[in-house]
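Asker: Here is how the chains run, residue by residue.
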Amino acid sequence: MSQVKYSKEHEWIKLDGDVATIGITKHATEMLGDIVFAELPEKGSSVEKDGTAGVVESTKAASDVYTPVSGEVVDTNQAIVDDPSKINQDPEDSAWFFKLKIKDPSEMDTLMNKDDYDKFAKETSA
Amino acid sequence: METKKTSLYQLHQDCNAKFVEFAGYQMPIQYSEGIVEEHKFTRNHSGIFDVSHMGQLFIYGGEDLSKDLEKIFPLDLKNLKLNHSKYSFLMDKDAGIHDDLIITKTKEGFLIILNAACKDNDFKILKEFLEDKYKMVLDENRSLIAIQGPKSSEILNDVIDGVKDLNFMSGNWFTFENQKVYITRSGYTGEDGFEISIVNDFVDQLTRELINKGSKLIGLGARDTLRLEAGLCLYGHDLDKDKTPVEANLKWAISKERISKGDFIGSDIIIKQLNDGVSKIRVGIKPEGRIIAREKTKIFNQSDVHIGEITSGTFGPSVNGPVAMGYVENEFSKKNTKVFLEVRGKKHPASICSLPFYKKSYVKGVN
Chain A
1 MSQVKYSKEH
11 EWIKLDGDVA
21 TIGITKHATE
31 MLGDIVFAEL
41 PEKGSSVEKD
51 GTAGVVESTK
61 AASDVYTPVS
71 GEVVDTNQAI
81 VDDPSKINQD
91 PEDSAWFFKL
101 KIKDPSEMDT
111 LMNKDDYDKF
121 AKETSA
Chain B
1 METKKTSLYQ
11 LHQDCNAKFV
21 EFAGYQMPIQ
31 YSEGIVEEHK
41 FTRNHSGIFD
51 VSHMGQLFIY
61 GGEDLSKDLE
71 KIFPLDLKNL
81 KLNHSKYSFL
91 MDKDAGIHDD
101 LIITKTKEGF
111 LIILNAACKD
121 NDFKILKEFL
131 EDKYKMVLDE
141 NRSLIAIQGP
151 KSSEILNDVI
161 DGVKDLNFMS
171 GNWFTFENQK
181 VYITRSGYTG
191 EDGFEISIVN
201 DFVDQLTREL
211 INKGSKLIGL
221 GARDTLRLEA
231 GLCLYGHDLD
241 KDKTPVEANL
251 KWAISKERIS
261 KGDFIGSDII
271 IKQLNDGVSK
281 IRVGIKPEGR
291 IIAREKTKIF
301 NQSDVHIGEI
311 TSGTFGPSVN
321 GPVAMGYVEN
331 EFSKKNTKVF
341 LEVRGKKHPA
351 SICSLPFYKK
361 SYVKGVN
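Going down the list, the protein sequences come from chains A and B. Each residue of the first sequence is one higher than the one before, starting from 1 at the first, in the working numbering. Each residue of the second sequence is one higher than the one before, starting from 1 at the first, in the working numbering.
Please keep in mind that the hints were generated in silico from the structure rather than gathered at the bench. We put the beta carbon where it would ideally sit given N, CA and C, even for glycine. Possibly wrong hints are sitting among the right ones.
Partial selection, computed: residues in chain B whose CB lies under 8 Å from chain A [unchecked claim]:
1) G34
2) N121
3) I125
4) G221
5) T225
6) T337
Distance windows between CB atoms, simulated [claimed, not checked]:
7) B/F22 <-> A/D83: 52 to 62 Å
8) B/K107 <-> A/D64: 50 to 60 Å
9) B/E2 <-> A/T124: 20 to 30 Å
10) A/S106 <-> B/Q10: 46 to 56 Å
Only pairs whose alpha carbons sit at most 25 Å apart, straight line, appear in this in silico DSS-like list of lysine-lysine [claimed, not checked]:
11) A/K119 <-> A/K101
12) A/K49 <-> B/K251
13) B/K359 <-> B/K286
14) B/K93 <-> B/K286
15) B/K107 <-> B/K93
16) B/K346 <-> A/K26
17) B/K18 <-> A/K26
18) B/K18 <-> A/K8
19) B/K334 <-> B/K346
20) B/K40 <-> A/K86
21) B/K81 <-> B/K18
22) A/K86 <-> B/K286
23) B/K360 <-> B/K251
24) A/K43 <-> B/K124
25) A/K86 <-> B/K18
26) A/K43 <-> B/K18
27) A/K119 <-> B/K40
28) B/K86 <-> B/K124
29) A/K99 <-> B/K346
30) B/K261 <-> A/K122
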């Protein structure tokens, strides 16, 4: 079974073997509003845990997207670059951002499970 | 200072508004449908904007007042017809813009609509200049709403009969529930629409009736995307004290008659700039692709020389792409000039374009 975890920067990460799929949470999209632009990391590049790995922009402002774990970018989701509104429609599934071949599986342990994240999101938005 | 609330605050809450502080007021930035939907709804149907934070300055007087105001505003106010409106600006002696505004000649004198962040200072400047000769009221007892979009005329006319016969940039007094309301056919979205000045106690009822007829409340977020697509300036961003109307490409708003006489505040500079040209000028900028270049983004020419800055930039929902305005050195202001915008350390191609980005015909004359 794949494992889904969440970061304090409102990213979700799903691990299948040593490949992690990363996107932003529904809660994040609700805070951002209508997303009209997405920029993703380059395929083949390396990203470091908590480093910038993309940008999303709403009509109002730009926000960085961080990577919750370190690794090499093995795939990116061109569909959300072509139509960023997909991120608002289906943030936690088809509108994933990028896939990483992860470097250190223990980094997953620093992240929250769904219950903890939901609690965290509720508290921080109150 | 405590933030102020408009008389529609409860209604905004009832409509699930997200609030932001704007010029000392708690204002709705958007409602549950979001900026893109609100923007499109205004373009296709009808949207209501609470602009009660803006200043409504009534100055009472006759011929003398027109003459005195002509020393301030570059307008032909003596020949402005009763109930007609003009876009103008309050300048200093260097022609720096302290505010942009709409001035309307009424039976009693003039009504001037001022930006919220500038209104108190504008009042001070005008009061000092007019030396207490005229009664001036920055009316806090009246609210101001705008209803904008193609269905607005029909919707508003259903509630207040006769408004559909107003011409663009003209107004009149009407009644709603025995209250006097001043309505002008104007707005700031690039759509046909109206602005309605009504006493605070009745604005909630009027707005709810307009909603019942099919209009919807629209937040400041969509107001910004709508005005930018329409190529209209936002004070504090596209206009400020360091920019003149000529640099802002607003010379169309200056009366030719008044320029020939040159006896208004800032006229020396205006005339000089009209004759000699300006070093920087406001232009429309269309980024290639989807990259959004926001305020303060640096603009470069093809030789990588810094030639200007973006003053407003966002995603235009009706254009379905990024739109921006900014100031560039005059020699790079020609339409289709290739420029580069520095966003997050990378330079992205864009071109200078004519404004507006989105054009629909206003109702100019129905009579």
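Asker: Determine for every hint whether it applies to the structure shown.
Answerer: Here's how the hints hold up against the structure:
no. : hint                         : verdict
1   : G34                          : holds, 5 Å
2   : N121                         : violated, 27 Å
3   : I125                         : violated, 32 Å
4   : G221                         : holds, 6 Å
5   : T225                         : holds, 6 Å
6   : T337                         : violated, 24 Å
7   : B/F22 <-> A/D83: 52 to 62 Å  : violated, 31 Å
8   : B/K107 <-> A/D64: 50 to 60 Å : holds, 56 Å
9   : B/E2 <-> A/T124: 20 to 30 Å  : holds, 26 Å
10  : A/S106 <-> B/Q10: 46 to 56 Å : holds, 52 Å
11  : A/K119 <-> A/K101            : violated, 29 Å
12  : A/K49 <-> B/K251             : violated, 53 Å
13  : B/K359 <-> B/K286            : holds, 15 Å
14  : B/K93 <-> B/K286             : violated, 34 Å
15  : B/K107 <-> B/K93             : violated, 30 Å
16  : B/K346 <-> A/K26             : violated, 29 Å
17  : B/K18 <-> A/K26              : holds, 17 Å
18  : B/K18 <-> A/K8               : holds, 23 Å
19  : B/K334 <-> B/K346            : holds, 24 Å
20  : B/K40 <-> A/K86              : holds, 18 Å
21  : B/K81 <-> B/K18              : violated, 41 Å
22  : A/K86 <-> B/K286             : holds, 24 Å
23  : B/K360 <-> B/K251            : holds, 22 Å
24  : A/K43 <-> B/K124             : violated, 59 Å
25  : A/K86 <-> B/K18              : holds, 22 Å
26  : A/K43 <-> B/K18              : violated, 37 Å
27  : A/K119 <-> B/K40             : violated, 35 Å
28  : B/K86 <-> B/K124             : holds, 22 Å
29  : A/K99 <-> B/K346             : holds, 24 Å
30  : B/K261 <-> A/K122            : violated, 64 Å
Violated hints, listed in ascending order, are 2, 3, 6, 7, 11, 12, 14, 15, 16, 21, 24, 26, 27 and 30; each of the other numbered hints is respected by the structure.
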